[in-house]
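*Asks:* Given next are the chains, with one letter for each unit.
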Amino acid sequence: MVQLLFFYFALVVIGLGLRIVTCKNPVHSVLLMLLLFFHMAGLYLLLNAEFLAAVQVIVYAGAILVLYLFVLFLVNLREEIKMSPFVQKGKWAGLVAALALLITFLRGVFNFTLGPHGQYTIEKVQQITHTKAMGEAIYTTYILPFEIAGLILLVAVIGGLALAKKEDKGA
Amino acid sequence: MVHLSWYLTVSAMLFCIGVFGFLTRRNIIMMLLSIELMLNSVNLNLAAMSHYMEDIRGQVLVFFIIAVAAAEAAIGLGIVVTLFRNYRSVYTEDITILKG
Amino acid sequence: MIPGTYLPTEYLPILIMLLFATGFGVVTLWVGRFFRLRRPYAEKLIAYESGNPPSAPPRFRFSIKFYLIAILFVVFDVEAIFLYPWALVYDKIGIFAVVEMFLFIFLLLVGYAYAWRKEALEWER
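Residue numbers (the working numbering), protein chains in the order written: chain A, 7 to 177; chain B, 2 to 101; chain C, 507 to 631.
Treat the hints with care, since some could be wrong.
Think about it this way: if two alpha-carbon atoms lie no more than 25 Å apart in a straight line, the pair counts; the simulated DMTMM-like pairs of lysine to aspartate or glutamate are [stated by the list, open to error]:
| # | chain 1 | residue 1 | chain 2 | residue 2 |
| --- | --- | --- | --- | --- |
| 1 | A | LYS138 | A | GLU153 |
| 2 | A | LYS30 | B | GLU55 |
| 3 | A | LYS138 | B | GLU55 |
| 4 | C | LYS598 | A | GLU56 |
| 5 | A | LYS97 | B | ASP95 |
| 6 | A | LYS171 | C | GLU625 |
| 7 | C | LYS598 | B | ASP56 |
| 8 | A | LYS171 | C | ASP583 |
| 9 | A | LYS130 | B | GLU55 |
| 10 | A | LYS130 | C | ASP597 |
| 11 | A | LYS30 | B | ASP56 |
| 12 | A | LYS138 | C | GLU625 |
| 13 | A | LYS95 | B | GLU55 |
| 14 | A | LYS130 | C | GLU516 |
| 15 | A | LYS138 | C | GLU516 |
| 16 | C | LYS624 | A | GLU129 |
| 17 | C | LYS598 | A | GLU142 |
| 18 | A | LYS95 | B | ASP56 |
| 19 | C | LYS571 | B | ASP56 |
Under 8 Å between C-beta atoms, here's a sample of chain A residues computed to sit facing chain B [to be verified]:
| # | residue |
| --- | --- |
| 20 | SER35 |
| 21 | LEU53 |
| 22 | HIS123 |
Here are some chain B residues the structure puts well away from chain A; computed CB gaps all over 10 Å [claimed, not checked]:
| # | residue |
| --- | --- |
| 23 | LEU34 |
| 24 | ILE67 |
| 25 | THR97 |
| 26 | ILE98 |
| 27 | LYS100 |
No wet-lab data here; the hints were simulated from the structure.
No residue lacks a Cβ here, since even glycine has one placed at the ideal position from N, Cα and C.
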């Protein structure tokens, strides 16, 4: 049963990924990306990371894709659908580079051995709930990354508004 | 029993799909979307490692990566909007000002 | 329990609900094909705008205002996500957790004040 669910999610994720990068219409790509994010959340559930699954759905599917859709409608490309979605020069070079990278990764994957195990077994995470386990780690050990994340979000809101907001009506 | 290497294989394939999309798409918005694909594959990798090592650190890192990805999308799409406003185009071959 | 054999059984109702919802949509549309009439003509195939002729092509250019609102939404959505695990553990960590979370919220409050100063919250015209 676990294998069945895993293969379903994995095949859908890979197939949607291929479809997304080859799709001519960017709006279709973004909508397929939404489906991919939901299947990614399913994979997180299989990994006993229910909080990550929820974050994936709320942040990626709920917020980031809305941003992408708004920008796509803002630039509103109608002629895109008739042209090739790929660059003219270097398309095959890109394919070869990606395949070479894949072969390199796969050689590493099958020679990989795990390090020592930690203390968060499945039973322990189930008992204290995943969200609480995450919170204990974030707000005791990882305070500095947490505050840096706040700083990055501040940069995002200021940078995004400064880039996109018009200064004057004439400019 | 699902082996760790299966998750790592899925993650590697998704990452390479993202690399392919980033290198070959003309549309800058699609290049950013390919970056999101790559970030997702890295997240899957970290979450799987974390699960199989019975540790929580990898999943905390995934959480931070998602937060940074949101910031990256906001800034990146802001740059796309500014480019579109100045050049009326979001294609890589039209924005060649550095070629002189 | 060995990693890799875990099955999230408590999510079975959600899976059933998703299957049922998808199945309902697909099956009703598919079954309807055999019963509904299909007599298209030119007026019937144009976009439906409450009976009026369409005034503009459907893919007009969106305003930049939507994008500004979307940026603010993304950033404060992530902030709210950070609050969930904090709300579960702050009583265990104590005053330290409150201080660090208020520092975090203060950082984003600066961004909020900037958005307010820049009039990104106004919906002019």
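*Asks:* A separate judgement is required for each hint: does it hold in the structure or not?
*Replies:* A quick look at each hint next to the structure:
| no. | hint | result |
| --- | --- | --- |
| 1 | A/LYS138 <-> A/GLU153 | holds (19 Å) |
| 2 | A/LYS30 <-> B/GLU55 | violated (42 Å) |
| 3 | A/LYS138 <-> B/GLU55 | holds (16 Å) |
| 4 | C/LYS598 <-> A/GLU56 | holds (22 Å) |
| 5 | A/LYS97 <-> B/ASP95 | holds (17 Å) |
| 6 | A/LYS171 <-> C/GLU625 | holds (9 Å) |
| 7 | C/LYS598 <-> B/ASP56 | holds (21 Å) |
| 8 | A/LYS171 <-> C/ASP583 | holds (21 Å) |
| 9 | A/LYS130 <-> B/GLU55 | holds (10 Å) |
| 10 | A/LYS130 <-> C/ASP597 | holds (20 Å) |
| 11 | A/LYS30 <-> B/ASP56 | violated (41 Å) |
| 12 | A/LYS138 <-> C/GLU625 | violated (38 Å) |
| 13 | A/LYS95 <-> B/GLU55 | violated (46 Å) |
| 14 | A/LYS130 <-> C/GLU516 | holds (16 Å) |
| 15 | A/LYS138 <-> C/GLU516 | holds (18 Å) |
| 16 | C/LYS624 <-> A/GLU129 | violated (50 Å) |
| 17 | C/LYS598 <-> A/GLU142 | holds (9 Å) |
| 18 | A/LYS95 <-> B/ASP56 | violated (45 Å) |
| 19 | C/LYS571 <-> B/ASP56 | violated (43 Å) |
| 20 | SER35 | holds (6 Å) |
| 21 | LEU53 | holds (4 Å) |
| 22 | HIS123 | holds (5 Å) |
| 23 | LEU34 | violated (6 Å) |
| 24 | ILE67 | violated (5 Å) |
| 25 | THR97 | holds (12 Å) |
| 26 | ILE98 | holds (17 Å) |
| 27 | LYS100 | holds (14 Å) |
When each numbered hint is compared with the structure, violations occur for hints 2, 11, 12, 13, 16, 18, 19, 23, 24.
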